[in-house]
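Whole structure, please, built from the sequences with the hints as guidance.
These protein sequence lines are chains Z and H, in that order.
Per the working numbering, the first sequence starts with residue 45, numbered consecutively.
Per the working numbering, the second sequence starts with residue 161, numbered consecutively.
The set of hints was computed from the structure by calculation and includes no laboratory data.
Everything numeric in this text was worked out from a predicted model, so none of it was measured.
We put the beta carbon where it would ideally sit given N, CA and C, even for glycine.
Check the hints yourself; a few may be wrong.
Claimed, not checked - What follows is a list of derived Cβ distance ranges for each label pair: (1) Z:W106 to H:I431: 36 to 42 angstroms; (2) Z:V62 to H:L433: 36 to 42 angstroms; (3) H:A238 to Z:L232: 36 to 42 angstroms.
Unchecked claim - Facing chain H, from chain Z, some residues (calculated, C-beta under 10 angstroms): (4) L129; (5) A254; (6) F261.
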Amino acid sequence: MTSSEQPRRSETGPSGVVRVQSVGLAVVAIAVATIFVLPLLWMVTVSLRPVGLPPPRSVEWWPGDPQWQNYAEIFRLLPMGRYLLNSLAVAVVAVPLTLLTASLAGFGLAQLKDPWRSRLLMVTVFLLMVPPSAVWLFRYQMLSWTGLLTTLWSLILPAMAGGSPLLVLLFYWTFRRMPAEMIEAARLEGADALVAWRRLAMPMAKPTSAATLVLAFALFWNDFTNPVLYLYRPQTYTLPIGVQILKQMDATNWPLLMAGATFMTLPIVLLFLVLQPLFLSDKSIHALLEKG
Amino acid sequence: MRLFLLPFLLGSLLLIVLPALITVGVAFTKYNAIQPPVWVGLDNFRTLWNSPLARLSLRSSLQFIFLAVPLRVLGALALAMLLQPAGRLFGSLRAAVYLPTIIPEGAFALIFLWILNPLYGPLNAVLGGLGLPTPDWLLNPTTARLSFVLMALFTIGEGMVVLLVGLKTIPKVYYEVAKVDGAGAWQLFWRITLPLLTPWLLVLTFRDIVVSLQNTFTPSFVMTYGGPYYATTFIPLLLFELAFDLFDFGAAAAMMVVMYILTGLLVIGIINLVGLNTRDDVI
Numbered sequence: 045m046t047s048s049e050q051p052r053r054s055e056t057g058p059s060g061v062v063r064v065q066s067v068g069l070a071v072v073a074i075a076v077a078t079i080f081v082l083p084l085l086w087m088v089t090v091s092l093r094p095v096g097l098p099p100p101r102s103v104e105w106w107p108g109d110p111q112w113q114n115y116a117e118i119f120r121l122l123p124m125g126r127y128l129l130n131s132l133a134v135a136v137v138a139v140p141l142t143l144l145t146a147s148l149a150g151f152g153l154a155q156l157k158d159p160w161r162s163r164l165l166m167v168t169v170f171l172l173m174v175p176p177s178a179v180w181l182f183r184y185q186m187l188s189w190t191g192l193l194t195t196l197w198s199l200i201l202p203a204m205a206g207g208s209p210l211l212v213l214l215f216y217w218t219f220r221r222m223p224a225e226m227i228e229a230a231r232l233e234g235a236d237a238l239v240a241w242r243r244l245a246m247p248m249a250k251p252t253s254a255a256t257l258v259l260a261f262a263l264f265w266n267d268f269t270n271p272v273l274y275l276y277r278p279q280t281y282t283l284p285i286g287v288q289i290l291k292q293m294d295a296t297n298w299p300l301l302m303a304g305a306t307f308m309t310l311p312i313v314l315l316f317l318v319l320q321p322l323f324l325s326d327k328s329i330h331a332l333l334e335k336g
Numbered sequence: 161m162r163l164f165l166l167p168f169l170l171g172s173l174l175l176i177v178l179p180a181l182i183t184v185g186v187a188f189t190k191y192n193a194i195q196p197p198v199w200v201g202l203d204n205f206r207t208l209w210n211s212p213l214a215r216l217s218l219r220s221s222l223q224f225i226f227l228a229v230p231l232r233v234l235g236a237l238a239l240a241m242l243l244q245p246a247g248r249l250f251g252s253l254r255a256a257v258y259l260p261t262i263i264p265e266g267a268f269a270l271i272f273l274w275i276l277n278p279l280y281g282p283l284n285a286v287l288g289g290l291g292l293p294t295p296d297w298l299l300n301p302t303t304a305r306l307s308f309v310l311m312a313l314f315t316i317g318e319g320m321v322v323l324l325v326g327l328k329t330i331p332k333v334y335y336e337v338a339k340v341d342g343a344g345a346w347q348l349f350w351r352i353t354l355p356l357l358t359p360w361l362l363v364l365t366f367r368d369i370v371v372s373l374q375n376t377f378t379p380s381f382v383m384t385y386g387g388p389y390y391a392t393t394f395i396p397l398l399l400f401e402l403a404f405d406l407f408d409f410g411a412a413a414a415m416m417v418v419m420y421i422l423t424g425l426l427v428i429g430i431i432n433l434v435g436l437n438t439r440d441d442v443i
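What follows is the structure, encoded as structure tokens:
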């Protein structure tokens with residue numbers, strides 16, 4: 045908000061009014077944003093309460109005597125280390141694979157000529173609208189026929205389709221802004237499409253790659269449904285199932301439940317906080333639209 | 161270069177398109193995932209129609225969609241308008257609002273199980289402190305469904321980002337011209353922001369009709385397992401129970417087809433409604 049060049053005395057008056065307005069706006073914005081952080085704060089607070097202490101009668105913002113050993117306790121109760129390794133294994137294979145297939149597909153889509161480009165775009169948007177539960181039944185069948193049921197591959201498989209059509213679209217929107225001449229020039233100099241993708245396209249797509257990295261990691265790391273549907277052997281359980289088992293063992297042991305939840309949430313939140321300036325900042329939201 | 165699209169297209173065909181289409185076929189068979197399917201015509205649909213649970217689930221799901229989707233889209237719009245100013249402060253606030261969207265669903269469900277606890281949950285502590293009524297939340301069918309809507313309102317960060325991008329596409333000149341003509345903030349919103357944002361809001365609404373209902377699966381599995389009195393047995397959970405508890409893949413597939421049809425009808429209905437309205441505006 046800039047103070048107007050020729051102040052119209054009757055309405056806005058001196059810039060002081062504008063400043064009060066924008067301070068008021070900031071206060072409202074901070075209050076609203078706080079509401080969205082509260083669940084996370086409460087999760088951590090409860091995870092540090094002493095086990096067996098009666099629940100609080102009023103809102104507890106921070107425990108008087110934080111019990112960090114609650115986190116060790118969940119490892120004693122359950123093979124959380126095993127679950128962690130499984131979750132990591134899925135993420136380490138599936139996230140790079142997702143980035144690869146999604147960025148290649150986005151690049152390919154951006155380079156297509158028109159009747160096919162818009163047709164495939166329609167298909168991609170349509171794929172976005174297919175509810176995941178629509179594929180539960182037959183994917184279960186396919187996994188059992190191929191012997192992949194109860195293996196971690198049943199969780200990794202979606203990475204081969206670019207994780208989610210949304211990620212393909214994100215890359216498409218980014219690469220669409222690349223001048224076609226650039227690719228042509230590279231080709232004339234003898235670079236093939238793969239080189240153009242690696243040397244020209246990907247370096248341009250850093251904010252998109254950061255966003256995709258976070259979204260893809262969230263997709264696989266947070267996945268609750270697929271493990272519930274397709275994993276039956278405890279050796280292959282991932283963290284979300286581990287926390288669910290914790291709940292089945294004692295649904296009223298809130299400190300340990302929340303310790304499990306916090307432990308599972310920490311990696312994705314850290315990754316998000318590190319990478320979010322790359323795609324939630326003003327500059328990157330602008331960047332998405334340049335030469336739109 | 162076309163080869164670049166191959167993994168994505170092939171993967172989508174095998175993992176999304178074929179499974180979704182075959183499910184439609186399975187809806188007309190009796191199938192338990194072990195013996196080969198037997199054609200039964202419309203039997204599965206008849207069974208669903210006569211099942212009080214299936215009808216209740218359908219009703220709860222529609223109620224949820226009609227409440228949650230408009231609130232989520234409007235919430236995302238309000239947040240995008242509120243948090244669009246530039247600067248570090250607002251950047252961090254956008255990140256804060258986005259945060260619940262990336263929390264693992266299982267953890268999120270547990271947090272809300274704590275927050276909504278009628279006796280010692282922080283929500284009722286706050287409400288009680290303010291002298292407001294303190295409902296039983298997940299213990300009562302009506303408030304249990306409302307609890308799910310409330311939870312869904314915390315994960316609108318993605319919609320907010322989409323609309324932030326949408327807001328940036330509106331040329332600044334429009335606002336400047338309107339201001340010179342003496343338009344107030346409210347008029348700017350109704351005359352410029354809202355009409356130009358309509359396509360973005362529509363896409364968001366369509367996706368949300370599918371996604372918000374789907375996202376009830378984990379909370380209903382973790383928090384209530386469909387209770388109390390089946391009030392939170394939304395379609396995804398019912399589907400899961402039919403298929404993976406009762407191994408009645410045919411009935412589950414029929415439920416899926418009913419959901420496809422309802423979603424399709426909703427989308428067509430909205431297009432008709434909004435399509436007419438925008439034409440009126442133009443004239």
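Evaluation of the provided hints:
Against the hinted window of 36 to 42 angstroms, the Cβ-Cβ separation of W106 of chain Z and I431 of chain H comes to about 50 angstroms, which falls outside the hint. Restraint check, V62 of chain Z to L433 of chain H: a C-beta distance of roughly 39 angstroms satisfies the suggested window 36 to 42 angstroms. Taking the beta carbon of each, A238 of chain H and L232 of chain Z are about 51 angstroms apart, not inside 36 to 42 angstroms as hinted. Look at L129 of chain Z: its Cβ only gets to about 17 angstroms from chain H, farther than 10 angstroms, so that hint breaks.
The closest approach between the C-beta of A254 of chain Z and any C-beta of chain H is roughly 13 angstroms, which is over the 10 angstroms cut-off, so the hint fails. For F261 of chain Z, the suggested interface contact is upheld, since its CB lies about 9 angstroms from the closest CB of chain H, less than 10 angstroms.
The structure fails to meet hints 1, 3, 4, 5 from the earlier list, while all remaining hints are met.
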